[in-house]
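> Each chain, written out:
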Amino acid sequence: MMSKKITLNFKIWRQSSPEDKGKFKEYQLEDVSVSMSFLETLDLLNEKLVAQNEEPVAFDHDCREGICGMCGAMVNGEAHGPLKDTTLCQLHMRHFKDQDTLVVEPWRSAGMPVVKDLVVDRSALDRIVSSGGYISAKTGSAPDANATLIDKEKADLAMDAASCIGCGACVAACPNASPMLFVGAKISQLSLLPQGQPESLQRVEDMLDQVDEENFGHCSNTYECEAACPKSISVSNIARANRQSILKSLKG
Amino acid sequence: MSFLVPKSLIRIKQIIAVTGLFLIFFVVAHLAGNLTFFAGADVFNGYAKKLQNMRPFLNFFEFVLFLIFIFHMYLTVFLIIRKRKVRPVKYSVQKSSAQRSFSSRLMTLTGPIIFIYIVLHLLDYTFSSHEGQATVVNGKSLGLYGLVFNSFSSLRHSLWYIFSMVAVGLHLDHGFQSFFQTFGIYSSKYGGFLKKFSRIFSICITLSYVTIPIYAYFLNHYGNDQVIKVGVLDESKL
Chain V
1029 MMSKKITLNF KIWRQSSPED KGKFKEYQLE DVSVSMSFLE TLDLLNEKLV AQNEEPVAFD
1089 HDCREGICGM CGAMVNGEAH GPLKDTTLCQ LHMRHFKDQD TLVVEPWRSA GMPVVKDLVV
1149 DRSALDRIVS SGGYISAKTG SAPDANATLI DKEKADLAMD AASCIGCGAC VAACPNASPM
1209 LFVGAKISQL SLLPQGQPES LQRVEDMLDQ VDEENFGHCS NTYECEAACP KSISVSNIAR
1269 ANRQSILKSL KG
Chain G
2 MSFLVPKSLI RIKQIIAVTG LFLIFFVVAH LAGNLTFFAG ADVFNGYAKK LQNMRPFLNF
62 FEFVLFLIFI FHMYLTVFLI IRKRKVRPVK YSVQKSSAQR SFSSRLMTLT GPIIFIYIVL
122 HLLDYTFSSH EGQATVVNGK SLGLYGLVFN SFSSLRHSLW YIFSMVAVGL HLDHGFQSFF
182 QTFGIYSSKY GGFLKKFSRI FSICITLSYV TIPIYAYFLN HYGNDQVIKV GVLDESKL
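Quick note, the sequences are listed as chains V and G, same order.
Just so we're aligned, residue 1029 is where the first sequence starts under the working numbering, counting upward by one.
Just so we're aligned, residue 2 is where the second sequence starts under the working numbering, counting upward by one.
Some hints could be false.
[As the list claims (entries may be wrong)] Each computed DSSO-like pair below joins lysine-lysine, with the alpha-carbon atoms no more than 30 Å apart:
#1 V:K1112 / G:K84
#2 V:K1144 / V:K1039
#3 V:K1049 / G:K196
[Said to hold, decoys possible] A few chain V residues facing chain G, derived, Cβ under 10 Å:
#4 V1147
#5 M1208
#6 E1252
These are calculated hints, taken from the structure and not from any lab test.
Ideal Cβ placement from N, Cα and C applies to all residues, glycine included.
Start from the sequences, fold in the hints, and give me the full structure.
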């Protein structure tokens, strides 16, 4: 079955290296099938660029099914594009009209500097996790499922928090480039469960200390992150992290 | 002076939130005092006098309030300046989600408006003489009540006060619910309620405050009978 074809105008950020100043470059792409994903459209563009002996647009991607957190870019000023609760790879071109102009930019934050074109260095997020986003107790082999009883409600909240794929859209969408939704999710997924509780307050302190070390901004409760998150992670996870931070300072 | 360059973003946020909460308490207490305006010159001036009689305790309170205010502003300015460094290259297109409240977008605008307002407000009523020509209503000096009453005969002055109170309401709408978030009281369950609560609270604050300029303005221009009534000042009660 032939699907509908449209023509799209792209304005894509091109930056050859972290040191390069970078600029927008315009491309017109014809015969874009509306069934293609955004990344497949970029593939199509790159094939043409390679054929013309031009440098292809660099972008991060891996699973292309919305679960790995590798892809991501600002499309017309929205993280992962205009479709809610989806990653860029799961955004299909049927959501655009013929002759639409798409402005594609990398995540912009000093904490996640551009490596090339649309690729950013998200290792700061990894450093935040390695500063405390784990449990250090040996838990042995997998216990029986009913050995430790956990409230269904809490288990669900922990699972919701654990669905964070670390894509960085929260930082990108935040007016202050704050990673607090990411941090809140990483803190909540552990502190909601019994195994994560013994270290929960120290974890919050260590992870928030690491946030200060990185070039990220402050959270001003605008909740832009929640709207941009492809996994619709709730800002109540930030509140949980905030609450634990206060408990930590009260208990010392 | 290391506390002047705070390092921890979460601490800054907590201090801004807690100072903001104290300022909200002050706004409510101040409103309670303001509303005595409706009870006439006796009660209003009596209230003002009672406050003045509370010195030096009042001096201490004013000093603490001043410090709270300075910290609230200083830390916010610190964050705003820092913010430029964390996103050195701006987006060419950035869409704000519908989820972001109107008031949160305006925080950096309503904040400075409130600051300017407070300075002018102090000059208007606190650091000005409560005697003399400006306090005379119907040939009789009515002290602070007369000063407030006469000042709102000006449409421009009244509108400026109303405008400022709208700014206060907008600032509180984001600020109050933000306090709950920063102190971790916000949750998926109660988040919606807390947002609504702060909205209704701020609307109530703004509406209650603007009653005074509106009432005084209309009394000045249309309520001659009432002016005579409120103009009676029983000095023995003070």
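> For every hint, state whether the structure bears it out.
Do the hints match the structure? See the list:
1. V:K1112 / G:K84: Given that 30 Å is the threshold and the Cα spacing comes to 27 Å, the pair holds.
2. V:K1144 / V:K1039: Holds. K1144 of chain V to K1039 of chain V sits at ~16 Å (cutoff 30 Å).
3. V:K1049 / G:K196: 42 Å, violated
4. V1147: 15 Å, violated
5. M1208: Holds, because the Cβ-Cβ distance from M1208 of chain V to chain G comes to roughly 9 Å (cut-off 10 Å).
6. E1252: Since the shortest Cβ distance to chain G is 5 Å, the answer is holds.
Of the numbered hints listed earlier, those contradicted by the structure are 3, 4.
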